[in-house]
Amino acid sequence: MARVMTAPEWSVEDTGTRVLVEATDGLTRDVVTRILTREGYAVRSCEGPEATDDACPITQGQECHGLSGAAVVVQVMRHTDPRVREVLVEITRQRPDLPVVVEVATPTVDRDPELFEHCRILPQPMTAASLAEAVAGALAD
Numbered sequence: 000m001a002r003v004m005t006a007p008e009w010s011v012e013d014t015g016t017r018v019l020v021e022a023t024d025g026l027t028r029d030v031v032t033r034i035l036t037r038e039g040y041a042v043r044s045c046e047g048p049e050a051t052d053d054a055c056p057i058t059q060g061q062e063c064h065g066l067s068g069a070a071v072v073v074q075v076m077r078h079t080d081p082r083v084r085e086v087l088v089e090i091t092r093q094r095p096d097l098p099v100v101v102e103v104a105t106p107t108v109d110r111d112p113e114l115f116e117h118c119r120i121l122p123q124p125m126t127a128a129s130l131a132e133a134v135a136g137a138l139a140d
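In terms of numbering that gives the first Met the number 0, the sequence shown is residues 0 to 140.
Among the hints, erroneous ones may be present.
As the list claims (entries may be wrong) - DEER-style ranges, computed between Cβ atoms:
#1 Pro124 <-> Val11: 32 to 38 Å
#2 Thr14 <-> Arg110: 19 to 25 Å
#3 Ala139 <-> Thr5: 17 to 23 Å
#4 Asp13 <-> Arg110: 35 to 41 Å
#5 Ala127 <-> Ala70: 16 to 22 Å
#6 Asp80 <-> Thr5: 14 to 20 Å
#7 Thr5 <-> Arg33: 15 to 21 Å
#8 Ala128 <-> Val11: 28 to 34 Å
#9 Pro112 <-> Thr14: 34 to 40 Å
#10 Arg37 <-> Pro124: 17 to 23 Å
I should point out that these hints are in silico values taken from the structure, not numbers from a laboratory. Source: prediction; values computed, not measured. Note that CB positions come from ideal geometry on N, CA and C, so glycine has one too.
Work out the full structure: start from the sequences and follow the hints.
Here is the structure:
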């Protein structure tokens, strides 16, 4: 059975600063969501194209409601899947003023620095404190 990407939606109950979390791994997505919710953010998440049979809508020229309603994006980049990289490129191209925090291994940044030049890097492994600091810093920039 094909796995379909579920687009995140914002609601009127989302009263804090809105953070969109993209993480393929469900446990990681849940932990990041809980940490940011505890920090007072309104959080929605997306599993990204790596976990589904669908392409991300923004890489197909479509709107992503999760992205359009977010004040900051947190992308957890565990792998170098080209589709995940393509999403990051499209986010920074389509929404250049939207802060993006990328949790990524330092060697990946060193190998491909131009991919991350408009992002706040959150080195792996992240902690609750480093995640909160990165998101607050990205919003303050």
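Next item on the list: Against the structure, test the hints numbered earlier, and report the numbers of the ones violated in rising order.
Entry: Result: hints 2 and 3 break, sorted rising.
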